[in-house]
Amino acid sequence: MSHSFNQLVNFNQAITSVNESSANILGAGEVEIVGAGCGQLDLMTIKAARIVSQAEALVYDSLVSSDILSLVSPDCQRHFVGKRCGQPSYKQDDINALLAKLALQGLKVVRLKGGDPHIFGRGAEESLYLAKKSIVSRFTPGVTAALGCASTTGIPLTYRGTARSVTLVTGTRFISEGNHQAPTQWKALLAAESTLVFYMGKEQATAISQGLMAVDAPAELSVAFVTNGGRPNQLVTFATVSNMADKASLIKDSGPTLIIIGEVVAVGQELTELLNNIDRSADAFGRYDMAEVVNG
Numbered sequence: 000m001s002h003s004f005n006q007l008v009n010f011n012q013a014i015t016s017v018n019e020s021s022a023n024i025l026g027a028g029e030v031e032i033v034g035a036g037c038g039q040l041d042l043m044t045i046k047a048a049r050i051v052s053q054a055e056a057l058v059y060d061s062l063v064s065s066d067i068l069s070l071v072s073p074d075c076q077r078h079f080v081g082k083r084c085g086q087p088s089y090k091q092d093d094i095n096a097l098l099a100k101l102a103l104q105g106l107k108v109v110r111l112k113g114g115d116p117h118i119f120g121r122g123a124e125e126s127l128y129l130a131k132k133s134i135v136s137r138f139t140p141g142v143t144a145a146l147g148c149a150s151t152t153g154i155p156l157t158y159r160g161t162a163r164s165v166t167l168v169t170g171t172r173f174i175s176e177g178n179h180q181a182p183t184q185w186k187a188l189l190a191a192e193s194t195l196v197f198y199m200g201k202e203q204a205t206a207i208s209q210g211l212m213a214v215d216a217p218a219e220l221s222v223a224f225v226t227n228g229g230r231p232n233q234l235v236t237f238a239t240v241s242n243m244a245d246k247a248s249l250i251k252d253s254g255p256t257l258i259i260i261g262e263v264v265a266v267g268q269e270l271t272e273l274l275n276n277i278d279r280s281a282d283a284f285g286r287y288d289m290a291e292v293v294n295g
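Counting in numbering that gives the first Met the number 0, the sequence shown runs from 0 upward without gaps.
In short, the hints are calculated from the structure, not lab data.
Among the hints, a few may not be true.
Here are the simulated DSS-like cross-link-like pairs (lysine-lysine), alpha carbons at most 30 angstroms apart as the crow flies [to be verified]: (1) K90 x K251; (2) K100 x K132; (3) K131 x K46; (4) K100 x K131; (5) K90 x K132; (6) K186 x K131; (7) K90 x K100.
Quick list of the computed label-pair ranges, beta carbon to beta carbon [stated by the list, open to error]: (8) A96 x A244: 23 to 31 angstroms; (9) E272 x K90: 43 to 51 angstroms; (10) S133 x E262: 44 to 52 angstroms; (11) T44 x A96: 26 to 34 angstroms; (12) L270 x S133: 49 to 57 angstroms; (13) E272 x G81: 34 to 42 angstroms; (14) K132 x E262: 23 to 31 angstroms; (15) I277 x K90: 48 to 56 angstroms; (16) S133 x Q209: 46 to 54 angstroms; (17) Q184 x A244: 15 to 23 angstroms; (18) N275 x L249: 17 to 25 angstroms.
Just so we're clear, the structure is a prediction, and the values are computed from it rather than from any experiment.
The beta-carbon is built from N, C-alpha and C at its ideal position, and this holds for glycine as well.
Could you put together the complete structure from these sequences and hints?
Encoded structure:
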């Protein structure tokens with residue numbers, strides 16, 4: 000019996016146990032906006048999985064994995080809406096209208112998103128639209144990519160004496176508003192003892208590098224590109240601010256890529272190297288998988 004099958008069986012048993020001890024939490028004609036978490040099924044919360052299994056209509060994004068979709072009832076309506084950067088997707092207005100239409104049909108509707116609905120997920124936009132239509136919506140959190148990718152790669156977002164804060168930035172919007180952001184904006188991002196996390200920023204690596212270098216970011220400041228974070232094919236590419244554009248161009252995988260910038264990346268890189276030198280049969284680290292790593 001495969002590991003993935005055992006994982007699914009155990010997860011379904013957990014969901015069944017929770018279902019038996021609590022009432023159905025999905026109401027007819029209501030919308031639950033759910034975070035699927037970062038990557039695989041076992042990084043999803045039990046509550047989120049339970050809600051997905053009760054859905055009568057599911058509206059989901061491309062970042063939702065196939066093992067999570069296996070929780071959905073065969074009788075559930077499925078509506079795939081895309082939402083991958085640079086790829087064909089439903090327009091947000093059309094998604095809003097679809098959610099309202101399904102709810103007004105009296106269905107138990109689940110809007111399923113990768114990561115967390117409130118971190119660059121437009122969950123609040125959808126909820127506001129539904130509320131203006133007198134449709135009730137609720138939120139179920141998920142592990143956002145910044146947290147998931149940091150944990151699965153061993154990169155701490157905060158570290159005593161090194162990073163006391165974290166800034167989450169959407170690479171597409173921040174850069175698309177002008178590749179030459181005002182120096183004050185880049186300086187604000189480059190705060191002392193802080194970690195920067197860019198969502199959807201791989202295609203903007205050149206602009207990010209130039210912007211940071213323009214405000215005197217150290218050329219050797221550590222950078223990590225995390226592709227397919229939280230999944231079996233996770234890839235970590237280490238770089239620096241000065242060579243991050245070149246490193247980004249070498250990442251051929253089209254999967255979602257998160258960029259982590261800061262001194263904490265060097266901590267994660269050191270941990271990766273140490274773990275790679277440890278006998279994987281040891282009890283403490285035998286099941287520790289740092290995924291594929293490319294050094295800068």
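Hint check:
Taking the CA atoms of K90 and K251, the gap is about 27 angstroms. The hint holds against a cut of 30 angstroms. A threshold of 30 angstroms between alpha carbons decides the hint, and for K100 with K132 the separation of about 10 angstroms falls inside it, so the pair holds. Pair hint K131 plus K46 holds up; C-alpha atoms about 27 angstroms apart against a cutoff of 30 angstroms. Taking the CA atoms of K100 and K131, the gap is about 13 angstroms. The hint holds against a cut of 30 angstroms.
Taken as a hint, the K90 and K132 pair is honoured in the structure, with Cα atoms around 19 angstroms apart against an allowance of 30 angstroms. For the proposed pair K186 and K131, the alpha carbon gap of about 39 angstroms is over 30 angstroms, so the pair is violated. A C-alpha spacing of about 15 angstroms is found between K90 and K100, which places the hinted pair at or below 30 angstroms, so the restraint holds. Our hint of 23 to 31 angstroms for A96 and A244 is violated, since their Cβ atoms are close to 39 angstroms apart.
Checked against the hint of 43 to 51 angstroms, the pair E272 and K90 passes, with Cβ atoms roughly 45 angstroms apart. Separation of S133 from E262 is about 50 angstroms and conforms to the stated range, judged on CB atoms against 44 to 52 angstroms. Separated by about 28 angstroms at the C-beta atoms, T44 and A96 satisfy the suggested range of 26 to 34 angstroms. Our hint of 49 to 57 angstroms for L270 and S133 holds, since their Cβ atoms are close to 51 angstroms apart.
Between E272 and G81 the beta carbons are some 38 angstroms apart, a value that agrees with the proposed interval 34 to 42 angstroms. At about 47 angstroms, the beta-carbon gap between K132 and E262 misses the expected band of 23 to 31 angstroms. Taking 48 to 56 angstroms as the suggested C-beta distance range, the pair I277 and K90 conforms, at roughly 49 angstroms. The beta-carbon spacing between S133 and Q209, approximately 48 angstroms, falls within the hinted interval of 46 to 54 angstroms.
Range check, Q184 to A244: Cβ separation about 19 angstroms, and the 15 to 23 angstroms hint holds. At about 20 angstroms, the CB distance of N275 to L249 agrees with the hint of 17 to 25 angstroms.
Checked against the numbered hints above, the structure violates hints 6, 8 and 14; every other hint is satisfied.
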